[in-house]
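Could you put together the complete structure from these sequences and hints?
2 protein chains.
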Amino acid sequence: MPSESFEVRAVGRVESPLKEMESAPRQGDEGAPRVWIEFDPDVLDALVGVQPGDRVVILSWLDRANREVLTVHPRGDASRPPAGVFATRSQHRPNPIGLHPVEVLEIEGQRIKVSGLEALDGTPVIDVKPVLEGEISER
Amino acid sequence: MPSESFEVRAVGRVESPLKEMESAPRQGDEGAPRVWIEFDPDVLDALVGVQPGDRVVILSWLDRANREVLTVHPRGDASRPPAGVFATRSQHRPNPIGLHPVEVLEIEGQRIKVSGLEALDGTPVIDVKPVLEGEISER
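Protein chains in written order, with the numbering used here: chain A, 43 to 181; chain B, 43 to 181.
Read the hints as simulated data drawn from the structure, not as lab findings.
Copies of the same chain look alike in the list, so a pair counts if it works inside one copy or between any two.
With a cut-off of at most 25 Å between alpha-carbon atoms, the simulated SDA-like pairs for lysine to any residue come out as follows:
1. Lys-155 with Pro-124
2. Lys-155 with Arg-131
3. Lys-61 with Asn-108
4. Lys-61 with Ser-47
5. Lys-61 with Phe-48
6. Lys-155 with Leu-174
Predicted model, so just to flag it, every value in this text is computed and none were measured.
And the structure:
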């Protein structure tokens, strides 16, 4: 039985100095750079009210991930027993969506600059959500 | 210029007593019921290592949302000025992905029971991610 599927669209794209998977830290708090996100012109109204200082979650589509992978060694450590990808934050998973809690630093035209985000240059952004009070704490 | 798009697949589905949008609380901490999530047989390996007591984020595809909406009155309150959907948690947005921080309560075959989740019965689930230490606090 084929699973039901839906179309997710890019609403923007990450502009990052990280060009290759090998150079990307595993999580945003492990040395990820500040990056700009450039949004598509047709969604700019959706950014109204987003301000510097806001804590938001960026959702990305990790387009270089392998969607066939169901189990991995956590953090790529072969000495650890394999775990299901739903028990890890591996980018390799049926739907390679990244969750990046960041702070909005600057807004300039159709771009916003955010704190440490570990996605590669050109990674599609698919959503931005404010953090609800008490939901995601500072690291 | 058409935006780039990708195919996201359902990996499971919410089984909830909430059948209509009018009855769903706006956020999971506002009286949402415990629900079962039934996973597709072909992704069960991805659940290995997920255990009762785990804090996870369920990603859903809010298939009854309006994807054309770019601005809303926060929490449906017409007395508040409209905000861009990226500044709100409105279900109506270009990619209607829901983020639901929950606790895993029980695992039974290809189903897991989780604490308060505000999605309607039948809502597709598209991902499950463990909460990283310090990332999402208890409410």
